[in-house]
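Novice: Chain residues, written in single-letter form:
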Amino acid sequence: KQEVTQIPAALSVPEGENLVLNCSFTDSAIYNLQWFRQDPGKGLTSLLLIQSSQREQTSGRLNASLDKSSGRSTLYIAASQPGDSATYLCAVSMYSGGGADGLTFGKGTHLIIQP
Amino acid sequence: NAGVTQTPKFRVLKTGQSMTLLCAQDMNHEYMYWYRQDPGMGLRLIHYSVGEGTTAKGEVPDGYNVSRLKKQNFLLGLESAAPSQTSVYFCASSLGGLARYNEQFFGPGTRLTVL
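From first to last, the protein sequence lines stand for chains W and U. The numbering of the first sequence is the working numbering, which starts it at 4 and goes up by one. The numbering of the second sequence is the working numbering, which starts it at 10 and goes up by one.
If you're looking for bench data, these hints aren't it; they were derived computationally from the structure. A quick note: this is a predicted structure, and the numbers were derived from the prediction, not measured. Glycine included, C-beta positions come from ideal geometry on N, C-alpha and C. Errors might be hidden in some of the hints.
[As the list claims (entries may be wrong)] Listed below are the simulated DSS-like cross-link pairs for lysine-lysine, each with C-alpha atoms no more than 30 angstroms apart in a straight line: (1) U:Lys18 / U:Lys80; (2) U:Lys80 / U:Lys66; (3) W:Lys45 / W:Lys4; (4) U:Lys66 / W:Lys110; (5) W:Lys110 / W:Lys4; (6) U:Lys80 / W:Lys71; (7) W:Lys45 / U:Lys23; (8) U:Lys66 / U:Lys79; (9) U:Lys66 / W:Lys71; (10) U:Lys79 / U:Lys18; (11) W:Lys45 / U:Lys80; (12) W:Lys71 / W:Lys4; (13) W:Lys110 / U:Lys18; (14) W:Lys45 / U:Lys18; (15) W:Lys45 / W:Lys110; (16) U:Lys18 / U:Lys66; (17) U:Lys23 / U:Lys66; (18) W:Lys71 / W:Lys110; (19) U:Lys66 / W:Lys4; (20) W:Lys45 / U:Lys79.
[What the hints assert, rightly or not] Here are some of the chain U residues that sit facing chain W, going by a computed Cβ distance under 7 angstroms: (21) Leu52; (22) Val69; (23) Glu112; (24) Phe115; (25) Pro117; (26) Gly118.
[Claimed, not checked] Label pairs and their in silico Cβ distance ranges: (27) W:Gly63 / U:Asn10: 31 to 41 angstroms; (28) U:Gly12 / W:Ala13: 38 to 48 angstroms; (29) W:Ala81 / U:Gly25: 44 to 54 angstroms; (30) U:Glu88 / W:Asn21: 42 to 52 angstroms; (31) W:Val23 / U:Glu61: 40 to 50 angstroms.
Using the sequences provided together with the hints, build the complete structure.
Specialist: Structure follows, in C-alpha cells:
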C-alpha cells in the first residue's frame, strides 16, 4: 500500500526566506505527483503536476522536483510572502488500467510566513 | 466556467438518516473522485469514476454508494449515516488517461456532521 509522508508537519519562517518542503512515498511506481495548497476551510488548489517521466516543474516562485527512484519530491518556494501561508499537500497516483486512479495524500505541511 | 461545484456546502444529519452529495463539473472531464478529509488522517479516496456509467472503490468505500449517470455529475450517497462519517467531503475531476492529463481539480467541499 502506497504511503506518503511530508516533513516537516509545520514550519514558520520570516517573510523573504527561500524554503523547501519535503515529500516521500514508499512505492516508486507512481503515475504522477501533484502538489496542492489548502487554505483554512477551503478546497485544494493545484500548484504543480509532475509526470513520472519528469524531473521537475516550475510555476512562478514555485519549483517542484521528483526523484522517483528514491521516492522523494521537494517543493521549493522562493522569496516567501505572507500570502504563501497555507497547508501544502503532496499526493501521488498509481497506474490503473487505462489511466491513473485516485490520489494518495500526505498529511501536509502547515506553513506560516511571518510578516 | 465554474470548475467543480459541490452541493450542499454544510449539512447536519442524525444517525440513520440518508443523504446525497452532488458534485458537478463543467470542464468535460472524464474522471471524477470523492475524498473525505479528517483531522490527523489526511485526505482519503472513497470512490471514483473513469467515465459515465462507471464507478470503482477507493480506500474507504464502506457505507457509501456512488453513481455517474451523466458525465458532468458524480453523486455520493450515504444510506444510513453514522457519526464516523462526520467529515469534510471533497469532489475532484480530471481529464483522465495519460499522466499529463490527470491533474485533479477540487471542489470547495461539503462539511457534514452526523449526530
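Novice: Run every hint past the structure and note whether it holds.
Specialist: Checked hints:
1. U:Lys18 / U:Lys80: Status holds; Cα separation ~22 angstroms.
2. U:Lys80 / U:Lys66: Status holds; Cα separation ~18 angstroms.
3. W:Lys45 / W:Lys4: holds (28 angstroms)
4. U:Lys66 / W:Lys110: holds (21 angstroms)
5. W:Lys110 / W:Lys4: The given pair, whose Cα atoms are some 16 angstroms apart, holds under the 30 angstroms limit.
6. U:Lys80 / W:Lys71: Roughly 33 angstroms between the alpha carbons, so the hint for Lys80 (chain U) and Lys71 (chain W) is violated.
7. W:Lys45 / U:Lys23: Since the Cα atoms of Lys45 (chain W) and Lys23 (chain U) sit roughly 25 angstroms apart, the hinted pair holds (cutoff 30 angstroms).
8. U:Lys66 / U:Lys79: holds (19 angstroms)
9. U:Lys66 / W:Lys71: holds (26 angstroms)
10. U:Lys79 / U:Lys18: Holds, at about 21 angstroms.
11. W:Lys45 / U:Lys80: Holds, because 25 angstroms separates the two Cα atoms, which is no more than 30 angstroms.
12. W:Lys71 / W:Lys4: Satisfied, since the Cα-Cα distance of roughly 16 angstroms is no more than 30 angstroms.
13. W:Lys110 / U:Lys18: Roughly 23 angstroms between the alpha carbons, so the hint for Lys110 (chain W) and Lys18 (chain U) holds.
14. W:Lys45 / U:Lys18: Holds, at about 11 angstroms.
15. W:Lys45 / W:Lys110: holds (16 angstroms)
16. U:Lys18 / U:Lys66: It holds: about 24 angstroms lies between the C-alpha atoms, which stays within 30 angstroms.
17. U:Lys23 / U:Lys66: Holds - the C-alpha atoms of Lys66 (chain U) and Lys23 (chain U) are around 26 angstroms apart, at most 30 angstroms.
18. W:Lys71 / W:Lys110: holds (20 angstroms)
19. U:Lys66 / W:Lys4: holds (15 angstroms)
20. W:Lys45 / U:Lys79: Satisfied, since the Cα-Cα distance of roughly 26 angstroms is no more than 30 angstroms.
21. Leu52: holds (4 angstroms)
22. Val69: Violated, about 11 angstroms.
23. Glu112: holds (4 angstroms)
24. Phe115: holds (4 angstroms)
25. Pro117: Since chain W brings a Cβ to about 4 angstroms from Pro117 (chain U), closer than 7 angstroms, the hint holds.
26. Gly118: This interface hint holds because 5 angstroms falls under the 7 angstroms limit.
27. W:Gly63 / U:Asn10: 31 to 41 angstroms: violated (22 angstroms)
28. U:Gly12 / W:Ala13: 38 to 48 angstroms: Violated: the Cβ-Cβ distance is about 29 angstroms, outside 38 to 48 angstroms.
29. W:Ala81 / U:Gly25: 44 to 54 angstroms: Since Ala81 (chain W) and Gly25 (chain U) have Cβ atoms about 52 angstroms apart, the given range 44 to 54 angstroms holds.
30. U:Glu88 / W:Asn21: 42 to 52 angstroms: holds (50 angstroms)
31. W:Val23 / U:Glu61: 40 to 50 angstroms: holds (42 angstroms)
Consistency with the previously given hints fails for numbers 6, 22, 27, 28, ordered from lowest to highest.
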